[in-house]
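K.L.:
Fit chain B with the ligands to the given chain D structure using the hints.
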Amino acid sequence: MNGWRGRILRINLSAGQWTVEHPDADVYARQIGGRGLAGSYLWDEASRPWDDPEMPLLFFTGPLVDTASPTSGMMTVMSRSPQTGTVGDGSFGGSLGTALKKAGWDGLVITGRARTLRGIEIEDARITLVEAAPLSGRKTPELYARLKGKGAVVLAGPAAEAGVRYANLIVDGSWAAGRNGLGLLFAAKNLKYIAVKGSTTTRVADPGALKRAQEDVQRLLSASPFLLGDLGIGRYGTAALYDLIDARRMMPTDNFRRTRFDAARGMNAHAFHKRYAPHRTGCLGCTILCKRIASDGRILPEFETLAHFSALLGNAEMETVMEANRLCIELGMDPISAAATLSCHGEIRRRHPGPREILSLLQDIGAGRGIGKALGQGAAVYAEQCGKPEAAMAVKGMELPGFDPRGAYGMALAYATSTRGGCHMRAYPISSEILRKPVATNRFTFSGKARMIKGAEDLFAAADSLTACPFVFLAASLEEYARIFTAVTGLETSADDLLSAGERIDYSERIMNFRNGFRGTDDDLPARFFEEPGTGNGHLEIPPLDRDEFLKARAVYRRIRGLDSEGRPTGEKAAELGIAWSGEIGG
Amino acid sequence: MDRLIRKYADKLVRSGLAEAGTPLLGAWDVELIWNREDEMRPLIEKIFAGLHISALLFAQPAEPYRTVVDFLARTAPSGVLRPEDTETRTFLHDLPVVTTFEAEKLIQVLKKRKCAILPGRGIIACGTVSPEQAFVTFSSACFACFVKFFADVLRDVRAGSSSPAQQAAFRQAVEHLDPPAQRVSPLLRGPFRDEATVLTAMEEAGKATVDCGLVDSYFGNISCLFEDILYISQTGSSLDELQGCIDPVPLDGSSCAGITASSELSAHRAIVARGTCRTILHGHPKFSVVLSLACGEKNCEVGLKRQCHLCCPRPRRAAGVPIVPGEVGTGLHGLCHTVPPALADSRGVIVYGHGVFTAGRTDFNGALSSLLEIEKGCREEYFARL
Ligand code: SF4
Ligand SMILES: [Zn+2]
Chain D
0 MNGWRGRILR
10 INLSAGQWTV
20 EHPDADVYAR
30 QIGGRGLAGS
40 YLWDEASRPW
50 DDPEMPLLFF
60 TGPLVDTASP
70 TSGMMTVMSR
80 SPQTGTVGDG
90 SFGGSLGTAL
100 KKAGWDGLVI
110 TGRARTLRGI
120 EIEDARITLV
130 EAAPLSGRKT
140 PELYARLKGK
150 GAVVLAGPAA
160 EAGVRYANLI
170 VDGSWAAGRN
180 GLGLLFAAKN
190 LKYIAVKGST
200 TTRVADPGAL
210 KRAQEDVQRL
220 LSASPFLLGD
230 LGIGRYGTAA
240 LYDLIDARRM
250 MPTDNFRRTR
260 FDAARGMNAH
270 AFHKRYAPHR
280 TGCLGCTILC
290 KRIASDGRIL
300 PEFETLAHFS
310 ALLGNAEMET
320 VMEANRLCIE
330 LGMDPISAAA
340 TLSCHGEIRR
350 RHPGPREILS
360 LLQDIGAGRG
370 IGKALGQGAA
380 VYAEQCGKPE
390 AAMAVKGMEL
400 PGFDPRGAYG
410 MALAYATSTR
420 GGCHMRAYPI
430 SSEILRKPVA
440 TNRFTFSGKA
450 RMIKGAEDLF
460 AAADSLTACP
470 FVFLAASLEE
480 YARIFTAVTG
490 LETSADDLLS
500 AGERIDYSER
510 IMNFRNGFRG
520 TDDDLPARFF
530 EEPGTGNGHL
540 EIPPLDRDEF
550 LKARAVYRRI
560 RGLDSEGRPT
570 GEKAAELGIA
580 WSGEIGG
Chain B
0 MDRLIRKYAD
10 KLVRSGLAEA
20 GTPLLGAWDV
30 ELIWNREDEM
40 RPLIEKIFAG
50 LHISALLFAQ
60 PAEPYRTVVD
70 FLARTAPSGV
80 LRPEDTETRT
90 FLHDLPVVTT
100 FEAEKLIQVL
110 KKRKCAILPG
120 RGIIACGTVS
130 PEQAFVTFSS
140 ACFACFVKFF
150 ADVLRDVRAG
160 SSSPAQQAAF
170 RQAVEHLDPP
180 AQRVSPLLRG
190 PFRDEATVLT
200 AMEEAGKATV
210 DCGLVDSYFG
220 NISCLFEDIL
230 YISQTGSSLD
240 ELQGCIDPVP
250 LDGSSCAGIT
260 ASSELSAHRA
270 IVARGTCRTI
280 LHGHPKFSVV
290 LSLACGEKNC
300 EVGLKRQCHL
310 CCPRPRRAAG
320 VPIVPGEVGT
330 GLHGLCHTVP
340 PALADSRGVI
350 VYGHGVFTAG
360 RTDFNGALSS
370 LLEIEKGCRE
380 EYFARL
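Sequence lines, in order, name chains D and B. Going by numbering that gives the first Met the number 0, the first residue of the first sequence is number 0, and it counts up by one from there. Going by numbering that gives the first Met the number 0, the first residue of the second sequence is number 0, and it counts up by one from there.
With the rest of the complex left out, here is chain D:
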């Protein structure tokens, strides 16, 4: 096989055994890899409770990983989300995907529950389940320091052991993977870490064609102001978005009660660069390199983390943001959800936590201590418990990130329709609405947005399956990636074929969610966005979203997506897309 390795490793932690599976070539061709292939392994099990030992935890690479394809280091982690109950997945970089491919595996399917805390160590075909009880409760940097000699490492932190609903996974000791609580799957399986080392290489069908296609993508990356421009994320990290989002008056501030942060100027990427003198780094196989490590070794916050630990909480201290980010990594929890939950807490008790309290609350959450236990359930559950559900700025139970939907109507629709809850990466409409790529669209209209969002969801489903970094698609397109796919795998395809695959992958996730009780009414936003305006400036007003217009756009979206008028997936559409599903909940 070219591109794929043709082998999936299935590990049963209850039995302490593993088997090797060899999916048929047509399964690979259809599901591609990453999110698509992982989804096909989740399909039959998706309605189990997330902590059912039989619920699979899936790590999948794509055919492009470990090749010269641009941003080839991405991969997917997937299971059922402990936080939302939806399909739960995350696309992440670092070195794990490459290591797994080099070890000869396209994916890992982990089921069961170990009797005592375990680590999984993979070195090519050699699999070892290692006693990890002494590592219990350890913070992620300490753990990583002990494990990094074993290869690429993904691990869960104390937050997972404390039952935090937005516990995530930490890759290479630094980078977050899996919003929506996938860290908890490690705890449910009594798994502490996975370490992978590989020594083989992935075969490519036509290296010459890959090189040409790779050059075409690189040319587009260089031409992209957002990626490699003077002010782009390759220069400043994703925090480069901070000034623009504030200037466009869509910076979620004060728990989304305002959309502009007065202290933004002093908290921007430039200020962080001046103060922390970071160096540039990124995922294996990437030339954009959007990650930053400060001279003292701490990780600089991504845009969403920076936005939420500053504007959302009314915090104007850079050092607090740095420390909050460090704590989230150390404890292994999602910084967007953590900050949003603190902000919800602040709104409910009518006072945002100050800088010191932000840090102490994060410690409490990570340790499951005091009020931290309740806050560790996420904004939606916490607000509900407090009798103030309206204070949770979340969709399907997942907290919204750093783009206020009143400032970009495509974003509003995309938040609502995302198959994993409040997420900006499923369709990334910021691309056209704010960053003008592939062309600028009017951010204050729903006209044309239903089709745009549906198309973008399909595109990113394909990208997450190939697997490639979503950011690349702000410059390149599936037109170039179809050529890369063909060069790597030897299989003929086109941009349009990949979109068809993306559509099928997205629709399968909707079916899984439907079978788990999600309905069209869940595709909605918190009421605040329809009732309260954002922060205008005299020239530019940010009115509340028009509820009727939103509902109309959602109805159009349903039609285009092939859902029924209530937003439910249908057996006919599934058949049209080649998904084996009867249309019944239990089907």
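Please keep in mind that the hints were generated in silico from the structure rather than gathered at the bench. Keep in mind that a hint or two might mislead.
Derived BS3-like pairs (lysine-lysine); straight-line CA-CA distance at most 25 angstroms [to be verified]:
(1) K196(D) with K149(D)
(2) K6(B) with K45(B)
(3) K387(D) with K372(D)
(4) K147(D) with K210(D)
(5) K551(D) with K572(D)
(6) K210(D) with K111(B)
(7) K45(B) with K572(D)
(8) K45(B) with K104(B)
(9) K210(D) with K304(B)
Footprint (simulated), chain D over chain B, 3 or more residues, beta carbon under 8 angstroms [said to hold, decoys possible]:
(10) 50-61
(11) 82-93
(12) 276-287
Quick caveat: nothing in here was measured; it's all calculated off a predicted structure. C-beta atoms are modelled at their ideal positions from N, C-alpha and C, and glycine is treated no differently.
P.N.:
Just chain B with the ligands, lined up with the frame of chain D:
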């Protein structure tokens, strides 16, 4: 959406890209809507249904594009055109030619590319997000074919291999060329006193550049330095519609709000950093681009490797200004490394296969007239070299 399809259908004709009455532009919104009735619609709707797109444009290019597009398409080896200009190289890659007007065939081609040429019938282009993409692709294809055709003619004539058919097409195309543009009324005079005047001056100069035919709308870029802030057109903006599409970029880097600025921001910054000019204009005047491709070197290693656009080592000139290599943006071979030094002692610089940069001291009058003169000079030189 209705407004958008009308806007771009009209703009195609107004800007001389498409023959009046021919643009058929459709977009999916709630329904599939069209700018007009046409008997071709059922067939085009079939294409629509077979692709994941949101907009589709079919139009006959206006002269002289029509002649050059048809000639190139009819004589294209293996049904694909590979123009050497930057737009094609970067964004379109190549231009497929389809000789039969069948939905199935067109669907197969458009699954892989943004547009296709149908000899004798026109160009079909699609957009995934908005009708503007189809417009931009159509415009790029016309530009690419124009440049390729005139560059091919020059090369073939000098090599003594120009065919009678090429000659006939050439005569016909030349007949349809507009006379060289001239600027009559002056632009706003500098130095500018405030931000508002800077923005007005930029909008005016951008529009003048398009009106003079020195760049097609949507391409090119423009900037003006005022009090340590570089005002620069946004990426993907149209030079003739700059209102609201200019980013202020503080030179000290204290804000990234200009992350949406033109992909040539680095080049513009490096140019103004030299301290001698405050205004910069960048267009894609056609004969300047054509001449930039016309190199007579026979045994150049870089040329043989087809890397002229990256690292041409010779000091080439046209119309008295240097021709430099360089790609869009900030890459290793980015024009941000080649244009600023070359512009230090020249009124303008031609970038290989791409366009021209000019600069002015206080306002856009000098930059625009340099652009006009360079293009006029290149046009004269082109015909003289023939
Ligand atoms: S752009 Fe950033 S996230 Fe994407 S692959 Fe590169 S370093 Fe990783
Ligand atoms: Zn240009």
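K.L.:
Please go over all the hints and tell whether each is borne out by the structure.
P.N.:
Each hint, compared with the structure:
1. Only pairs whose Cα atoms come within 25 angstroms are accepted, and K196(D) paired with K149(D) is accepted, the gap being roughly 7 angstroms.
2. Annotation: proposed proximity of K6(B) to K45(B) holds, straight-line Cα distance about 24 angstroms (limit 25 angstroms).
3. Between K387(D) and K372(D), the direct Cα distance comes to roughly 18 angstroms. Compliance with the 25 angstroms bound is thereby established for this hinted pair.
4. At most 25 angstroms may separate the alpha-carbon atoms for a hinted pair to count; K147(D) and K210(D) exceed this at roughly 32 angstroms.
5. Restraint check: the Cα-Cα separation between K551(D) and K572(D) comes to about 21 angstroms, which is no more than 25 angstroms; the hinted pair holds.
6. Among the hinted pairs, K210(D) with K111(B) is consistent with the structure: their alpha-carbon atoms are about 18 angstroms apart, no more than 25 angstroms.
7. Between K45(B) and K572(D), the direct Cα distance comes to roughly 20 angstroms. Compliance with the 25 angstroms bound is thereby established for this hinted pair.
8. Among the hinted pairs, K45(B) with K104(B) is consistent with the structure: their alpha-carbon atoms are about 11 angstroms apart, no more than 25 angstroms.
9. About 15 angstroms separates the Cα atoms of K210(D) and K304(B), which keeps this hinted pair within 25 angstroms; it holds.
10. Using a Cβ-Cβ cut-off of 8 angstroms, 3 residues of the segment 50-61 of chain B lie near chain D, which meets the minimum of three, so the contact claim holds.
11. Given as covered by chain D, the segment 82-93 of chain B passes the check, having 4 residues with a CB less than 8 angstroms from a CB of that chain where 3 are the minimum.
12. Counting residues of the segment 276-287 of chain B whose beta carbon lies closer than 8 angstroms to any beta carbon of chain D gives 0, which falls below the threshold of three, so the coverage claim is violated.
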